[in-house]
Amino acid sequence: MSYCVNCGVELADSEKKCPLCKTEVINPKYIVNSEAAMPYPPYRPSPSQKVSKNSVIGLLSLMALLPIALSVICDVGINGRIVWSGFVTGALALLYLIIVLPIAKSKIDSVTCLGIDFAGIIVYLYYIDRTIEGGWFLNFALPVTLLVAAVVMLITFLSLYTKSEKLPIAALTMILFGFMNLAIEILLNIAFLTRDYLVWSLYPLATFVILGIVLFYINANKPLKEKLQKKFFI
Amino acid sequence: MKQKKLNWMRLDNAAKIFPAVKRKNWSNVFRLSATLKEPVDTLILQSALEVTVKRFPSMSVRISRGLFWYYLEEIEKVPGIKQDEPYPCSRMHFRDIRKCAFRVLYYRNRIAVEFFHALTDGNGGLVFLKTLIAEYLTQKYKKCFSCGYGVLDRNQEPPESELEDSFLKYEGPVSSSRKDTNSFRLTGTLERNEFLNITTGIIDVNAVLNKAKEYNVSLTAFLISVMIYSIMDIQNIEQPRIKRQKPVKIMLPVNLRNYFASDTLRNFVLYITPGIDPRYGEFTLEEIIKSVHHQMGFELTKKALNARLTTNVKAEKHLILKIMPLFIKNIALKLVYNMVGERKAALSFSNLGMVMLPEDISAYVDRLNFILGVQATLPSNCGVLSYKDKLYINFIRNIEEPVLEQKFFTNLKQLGITAKIESNQRDKYRYEISE
Ligand SMILES: [Zn+2]
Numbered sequence: 065m066s067y068c069v070n071c072g073v074e075l076a077d078s079e080k081k082c083p084l085c086k087t088e089v090i091n092p093k094y095i096v097n098s099e100a101a102m103p104y105p106p107y108r109p110s111p112s113q114k115v116s117k118n119s120v121i122g123l124l125s126l127m128a129l130l131p132i133a134l135s136v137i138c139d140v141g142i143n144g145r146i147v148w149s150g151f152v153t154g155a156l157a158l159l160y161l162i163i164v165l166p167i168a169k170s171k172i173d174s175v176t177c178l179g180i181d182f183a184g185i186i187v188y189l190y191y192i193d194r195t196i197e198g199g200w201f202l203n204f205a206l207p208v209t210l211l212v213a214a215v216v217m218l219i220t221f222l223s224l225y226t227k228s229e230k231l232p233i234a235a236l237t238m239i240l241f242g243f244m245n246l247a248i249e250i251l252l253n254i255a256f257l258t259r260d261y262l263v264w265s266l267y268p269l270a271t272f273v274i275l276g277i278v279l280f281y282i283n284a285n286k287p288l289k290e291k292l293q294k295k296f297f298i
Numbered sequence: 090m091k092q093k094k095l096n097w098m099r100l101d102n103a104a105k106i107f108p109a110v111k112r113k114n115w116s117n118v119f120r121l122s123a124t125l126k127e128p129v130d131t132l133i134l135q136s137a138l139e140v141t142v143k144r145f146p147s148m149s150v151r152i153s154r155g156l157f158w159y160y161l162e163e164i165e166k167v168p169g170i171k172q173d174e175p176y177p178c179s180r181m182h183f184r185d186i187r188k189c190a191f192r193v194l195y196y197r198n199r200i201a202v203e204f205f206h207a208l209t210d211g212n213g214g215l216v217f218l219k220t221l222i223a224e225y226l227t228q229k230y231k232k233c234f235s236c237g238y239g240v241l242d243r244n245q246e247p248p249e250s251e252l253e254d255s256f257l258k259y260e261g262p263v264s265s266s267r268k269d270t271n272s273f274r275l276t277g278t279l280e281r282n283e284f285l286n287i288t289t290g291i292i293d294v295n296a297v298l299n300k301a302k303e304y305n306v307s308l309t310a311f312l313i314s315v316m317i318y319s320i321m322d323i324q325n326i327e328q329p330r331i332k333r334q335k336p337v338k339i340m341l342p343v344n345l346r347n348y349f350a351s352d353t354l355r356n357f358v359l360y361i362t363p364g365i366d367p368r369y370g371e372f373t374l375e376e377i378i379k380s381v382h383h384q385m386g387f388e389l390t391k392k393a394l395n396a397r398l399t400t401n402v403k404a405e406k407h408l409i410l411k412i413m414p415l416f417i418k419n420i421a422l423k424l425v426y427n428m429v430g431e432r433k434a435a436l437s438f439s440n441l442g443m444v445m446l447p448e449d450i451s452a453y454v455d456r457l458n459f460i461l462g463v464q465a466t467l468p469s470n471c472g473v474l475s476y477k478d479k480l481y482i483n484f485i486r487n488i489e490e491p492v493l494e495q496k497f498f499t500n501l502k503q504l505g506i507t508a509k510i511e512s513n514q515r516d517k518y519r520y521e522i523s524e
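Protein chains in written order, with the working numbering: chain A, 65 to 298; chain B, 90 to 524.
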């Protein structure tokens, strides 16, 4: 027989460690076949009943197909050709891409995923522009989307894959957002030839750039940062 | 040909609560087991079970649903015996209970019976197990074994007295108040996959009896006091501020057959909740033992128990409760149970006492065991019995941490009583790689 060196209780032959304190039983003078003495059959965890990934994707695909099929049938039935159902199909396909991609490829990194999503958005916008002959794709929609994509992907990359702190990332986000407003107004002016001077974008630019600089300043000033943390933690 | 009509029975007074308060993943189950000297012959066990169930019409039943109450209905077919699980008292689905409310399991030398608590209590279950063992031995060794000590004659027609609801028989004129304070409760990390940990302490019964004698109290009073002492320790660590502590109380089932003449094989149990209030000051073990001893002496008299019993019977007979449709009744009973049922004690400590068998049978039986399933919201329970010269203390828990078990057995060790510990703990390493 063996005893637990920690609790002092005697241990049955089935116990390889003390059931009360998990201390390993080491007794070179008393070696037993613990398997033979086990009071219950060995435990085999039953495979947990997880919903398989493929079944979820299948369900989502079917759910996306239903409205697509319905709208195409309606559209062709009424107009004799595809008029508006292309937009519905495109929007649903885009939504499908955004939802299903992270589920299907769980190992995909977020930045690549966002890249593919934005590519989908660009294709969809191109389709709309061509169909309605808008003429705003190349000189407006494409640059704006690329700009937003670049900013979002950069921020995501910084916050997920670098060890930088939250405060400087927030500061950078503010400043980039300010400049984005500026860029959008410039692009609007060029694309639609509205005016040749800036009207509204300077306000958000100034506000966000200053806020960003304040955040950078707080981040650099350790005691101040700590004091603010103490006052405003959630 | 006319089909044989199945017998049915009302649930007894104590049983009525169990089907009403069952949960999706919990119902009240307990296990009794006997370990023989040789591996179990499954064919003989099945055949012995077929014979035995006929002698126990109140146990070979399923639970059925009436408009106002659940009731017991005799089963047509004896259930098949099954290989034991890695842990005892595993969940009994209610859909299974509606087919058959007990099960027979085997593992190596051991035969175990698990009952849904609405059928019977530990003492009734023990009679079933003993009779099943006697029938098994009779068929295996082709000779006669004696009856007595709870072994029933299988050829005898079951008498009415074994099927009666003794609660109704002993209803008195006055009921006592059920007001009671809430108890401190144990907590921990819930096990995954509904695994139940079982920790058995095997102790020389004379060592414990002698110790109890030193304090001039019964074995049960002594063990309960050590339990309270251990839980008090745990509360001191969890809540060091005495003012904020809660009373520490244990639910102790009392076998009413010892107080009221009854042969019933159905539930005939009441609970008392001895305990201490740590806010009164620091208790020594001696003080706890003394207090528990007197609380038990005060509560465990025929008159006091009669008043308690009357309270329960009066509640059942309340007209409004009676005419409530079953589904509303279930909601009402569940509410009451959630508010009071499991809050009055930290755990149940059920001692079946010294269990005897006729000599020719006990020669084939090495060990008997009694395991109480967990309660719906309390993580631990404790079932105890003595057989031959050993005392078997079974802790069951649905949480990972064996804090209470360790405190209890090390406290006994400090009193000079060494337990031999056996468990169903998993080999962590092995089950992780097989996952
Ligand atoms: Zn130990």
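Be a bit skeptical, because a hint or two may be false.
EDC-like, lysine to aspartate or glutamate: derived pairs with alpha carbons at most 20 Å apart [to be verified]:
#1 K80(A) - E249(B)
#2 K509(B) - E74(A)
#3 K81(A) - E249(B)
#4 K143(B) - E280(B)
#5 K80(A) - E490(B)
#6 K227(A) - D173(A)
#7 K509(B) - E88(A)
Honestly, the hints are just simulated from the structure, not real lab data.
From a predicted model like this one, the values you see are computed outputs, not experimental measurements.
Verification of the hints:
For the hint linking K80(A) to E249(B), the alpha-carbon distance of about 51 Å lies beyond 20 Å, and the restraint is violated. Taking the CA atoms of K509(B) and E74(A), the gap is about 4 Å. The hint holds against a cut of 20 Å. For the hint linking K81(A) to E249(B), the alpha-carbon distance of about 51 Å lies beyond 20 Å, and the restraint is violated. Distance check on the hinted pair: K143(B) and E280(B) sit about 39 Å apart at the alpha-carbon level, beyond 20 Å; violated.
Between K80(A) and E490(B) the CA atoms are separated by roughly 17 Å; this keeps the pair inside 20 Å, and the hint holds. Between K227(A) and D173(A) the CA atoms are separated by roughly 16 Å; this keeps the pair inside 20 Å, and the hint holds. Restraint check for K509(B) and E88(A): satisfied, since their Cα atoms lie roughly 16 Å apart, inside the 20 Å limit.
The structure is inconsistent with the numbered hints 1, 3, 4, although it conforms to all the rest.
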